[in-house]
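Make a model of the complete structure from these sequences and hints.
Protein sequence lines correspond, in order, to chains A and B. Quick note, in this note's numbering, the first sequence goes up one by one and the last residue is 375. Quick note, in this note's numbering, the second sequence goes up one by one and the last residue is 1375.
If you are wondering where the hints come from, they were derived from the structure by calculation, not from laboratory data. Check each hint, because a few of them may be wrong.
DSS-like cross-link-like pairs, simulated, lysine-lysine; straight-line CA separation at most 27 Å [to be verified]:
#1 A:K273 to A:K288
#2 A:K237 to B:K1237
#3 B:K1272 to A:K272
#4 B:K1258 to A:K250
#5 B:K1258 to B:K1273
#6 A:K250 to B:K1330
#7 A:K305 to A:K74
#8 A:K288 to B:K1250
#9 A:K269 to B:K1305
#10 A:K272 to B:K1074
#11 B:K1288 to A:K269
#12 B:K1250 to B:K1305
#13 A:K305 to B:K1076
#14 A:K33 to A:K20
#15 A:K258 to B:K1074
#16 B:K1074 to A:K273
#17 B:K1074 to B:K1330
#18 A:K269 to A:K237
#19 A:K235 to B:K1250
#20 A:K258 to B:K1258
#21 A:K74 to A:K40
#22 A:K269 to B:K1273
#23 B:K1269 to A:K288
#24 B:K1273 to A:K273
#25 A:K250 to A:K237
There are 2 protein chains.
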Amino acid sequence: LALKGSNYAGLLERHRIHTKNVEHIVDSLRNEKIEVRLVKRREYNEETVRWADAVISAGGDGTMLLAASKVFDKFKPVIGVNTDPERSEGHLCLPVRYTHSFPEALQKLYRGEFRWQWRQRIRLYLEGTGINPTPVDLHEQQLSQEQHSRAHINERFQDQRSDISGPHLLPVRALNEVFIGESLSSSCLNCYVPDKAVCSVLFRENFKSCKPSFKFSLHRASYYEISVDDGPWEKQKSSGLNVCTGTGSKAWSYNINKVAHQAIEEILKIAKKHGGLNVPLNTELVQKVTNDYNESLLYSPEEPKMFFSVREPIVNRVFSSSRQRGFSSKVCVRSRCWDACMVVDGGTSFEFNDGAIASILIDTEDALCTVLLEE
Amino acid sequence: LALKGSNYAGLLERHRIHTKNVEHIVDSLRNEKIEVRLVKRREYNEETVRWADAVISAGGDGTMLLAASKVFDKFKPVIGVNTDPERSEGHLCLPVRYTHSFPEALQKLYRGEFRWQWRQRIRLYLEGTGINPTPVDLHEQQLSQEQHSRAHINERFQDQRSDISGPHLLPVRALNEVFIGESLSSSCLNCYVPDKAVCSVLFRENFKSCKPSFKFSLHRASYYEISVDDGPWEKQKSSGLNVCTGTGSKAWSYNINKVAHQAIEEILKIAKKHGGLNVPLNTELVQKVTNDYNESLLYSPEEPKMFFSVREPIVNRVFSSSRQRGFSSKVCVRSRCWDACMVVDGGTSFEFNDGAIASILIDTEDALCTVLLEE
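Okay, here's the thing in structure tokens:
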């Protein structure tokens, strides 16, 4: 690790800090005679969740997403404690001070000095030809990546008799966002075939005849059709579609949509050139406009509405993007993709290729229960 | 294909059109007693380029990028003919009318009714620990993706004795852009290890112990340090870094940086609220500002300058992005990435992991020679 320039001492220290923080939480709970099961990431499952009255994640925001991913009960509280405040923002966790004084948090819970917060989550329906409604269960089978791809293909060809499958409700709920886009990892630019579906088949079945060096293209535009709130279908080509919750509006969605001070300044300069601004174009004005604009991208995790944004839309003769983003209650997407996925909270993915149709919406039954401590 | 909803009839028709267009070009050349070698993508190599006085690509912009990728001679003209005008924008090709009247283009060339155009290209130097300065040559070996990964690892461990390698000039020249970012395809979110380098090693060596379903995370922020024009090093976290040429300023870079009419409208509304605009905020003003702003992102392919842009910069306590984009003569990047690549023109990639340092610049010796016909 040192040879690679990695900071082994730093790694060890962060592990020590995390371990100490976890012990603090467990001790605080047991001191109150609360029964605690401490499970690591790989042992965490729905049976454990059923056993518990409440779930506490000890880690960063990623651990909180993982904790939430196995909770489907609207009345099972999930609480995050940030055990790595140096590295994680902890948006989804309790304020950082409780990491070292967890008994204080427990006292507030006992005294009712908190309120319940329901973070709305997104559900997904999948239908259409050749869909694969569950990730292949590799946990038990431990397939290699190549075997994994073949498993997907075998499953798909077996299912071809049931060409049209009715909408399947996927066994996931997105706490941050659903992202739809080309996987990119197995794009083949080498088979020069106009119809990507053909190349996809050729590529997978004749793996060896493609120059794998062309496979690592990072940027392949995603091609799909989108209908917002049951509106007209629109063909789009972009770097992907992000549909987030209020919780997720602070996450990846924010980074996709925020505008830099530098860009706002240039835009206002051009506006001034065309007609002038009443006030001088100074840093203060640019900062105010930048802050207001970027803040308008955020909304409450408890609002049962989604925010969709199209990432880097490609606008030309064929493709248009009437609205690059906006609020909605329902988003439907028809894949025309080659090798795409729907990725939930950056951690679980589903194939989403040509022929698949996804319906994306919020059902308040899927909300995640957490707490907001009084300050 | 029909079962998947793919348009087989359309595929066949586009192939027919392309084939007819290629025949037209070849016939036009042979009618002038010009010796023509017609090669398919897989047969195209540097020997063929050496044989030729000029290279004509028949396809879309992607084919032109491929044609240019084997030409390193500043005085070997490369001309693109768009044989698929329905599907390709043809930015890098001759105007579409010459596709069906190629003799007209030839006549202009004979009569000198054209000028030479030199499209500047980017060169890359790579140095640092554990670098792999060439893509593993899979063309001959036809390795599977898993074997490819292992080959990269074996090579890297063998090279550890030469820990610091002097700058290697990579055997590629970017006509559009160099993109640096996480590969994403083999990220492992499952090994909860704070130091990504450790997980990368564990992941590759203990492949089976990771749940591959977590591997398909599409979004992993790229972490690196950047120095522009020998300026101070800045740590950044983002969705990747794009460094383009004037040619590439119309390509992916444009899609990364352009601002939508919808966003300009909202920004101007906020500016108006803070101080007002002299002119009414109407569609016409918004359109003018939008057009001016987006046009400012484009520049001439012949200008020997690069344009860098940081895609979705993450701004927090640790990371900053003083300038999200700008012109430069030189960009240096130090990778702190887990499993990243440098991707040239969307087609060729180089590993770019923790310890590697890239220097990116334009040398006018690397320019690509093409023609601009008089209209």
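Consistency of the hints with the structure:
1. Restraint check: the Cα-Cα separation between K273 (chain A) and K288 (chain A) comes to about 20 Å, which is no more than 27 Å; the hinted pair holds.
2. Note on K237 (chain A) and K1237 (chain B): the hinted pairing holds, with a Cα-Cα distance of about 26 Å set against a maximum of 27 Å.
3. For a cut-off of 27 Å, the pair hint linking K1272 (chain B) to K272 (chain A) stands: about 11 Å separates their Cα positions.
4. In summary, the hint linking K1258 (chain B) to K250 (chain A) is supported, as the alpha carbons are separated by about 22 Å, within the 27 Å threshold.
5. Between the alpha carbons of K1258 (chain B) and K1273 (chain B) the distance comes to roughly 24 Å, so the proposed pair stays at or under 27 Å and holds.
6. For the proposed pair K250 (chain A) and K1330 (chain B), the alpha carbon gap of about 34 Å is over 27 Å, so the pair is violated.
7. Using a Cα cut-off of 27 Å, the hinted pair K305 (chain A) and K74 (chain A) holds, with the two alpha carbons roughly 17 Å apart.
8. Between K288 (chain A) and K1250 (chain B) the CA atoms are separated by roughly 31 Å; this puts the pair beyond 27 Å, and the hint is violated.
9. Proximity of K269 (chain A) to K1305 (chain B) is assessed by CA-CA distance (about 24 Å); at most 27 Å being required, the pair is judged to hold.
10. Straight-line distance between C-alpha atoms of K272 (chain A) and K1074 (chain B) comes to about 43 Å, which puts the hinted pair past the 27 Å bound.
11. Restraint check for K1288 (chain B) and K269 (chain A): satisfied, since their Cα atoms lie roughly 12 Å apart, inside the 27 Å limit.
12. This hinted pair checks out: K1250 (chain B) and K1305 (chain B) have alpha carbons roughly 14 Å apart, not beyond 27 Å.
13. Restraint check for K305 (chain A) and K1076 (chain B): the C-alpha separation of about 57 Å exceeds 27 Å, so the hint is violated.
14. Among the hinted pairs, K33 (chain A) with K20 (chain A) is consistent with the structure: their alpha-carbon atoms are about 20 Å apart, no more than 27 Å.
15. A threshold of 27 Å between alpha carbons decides the hint, and for K258 (chain A) with K1074 (chain B) the separation of about 41 Å lies outside it, so the pair is violated.
16. At most 27 Å may separate the alpha-carbon atoms for a hinted pair to count; K1074 (chain B) and K273 (chain A) exceed this at roughly 41 Å.
17. Taking the CA atoms of K1074 (chain B) and K1330 (chain B), the gap is about 21 Å. The hint holds against a cut of 27 Å.
18. Proposed proximity of K269 (chain A) and K237 (chain A) is contradicted: the alpha carbons are some 31 Å apart, above 27 Å.
19. Only pairs whose Cα atoms come within 27 Å are accepted, and K235 (chain A) paired with K1250 (chain B) is accepted, the gap being roughly 21 Å.
20. Among the hinted pairs, K258 (chain A) with K1258 (chain B) is consistent with the structure: their alpha-carbon atoms are about 13 Å apart, no more than 27 Å.
21. Proposed proximity of K74 (chain A) and K40 (chain A) is supported: the alpha carbons are some 23 Å apart, at most 27 Å.
22. Distance hint between K269 (chain A) and K1273 (chain B) is fulfilled; the C-alpha atoms sit about 17 Å from each other, no more than 27 Å.
23. Straight-line distance between C-alpha atoms of K1269 (chain B) and K288 (chain A) comes to about 12 Å, which keeps the hinted pair within the 27 Å bound.
24. Distance hint between K1273 (chain B) and K273 (chain A) is fulfilled; the C-alpha atoms sit about 18 Å from each other, no more than 27 Å.
25. Only pairs whose Cα atoms come within 27 Å are accepted, and K250 (chain A) paired with K237 (chain A) is accepted, the gap being roughly 25 Å.
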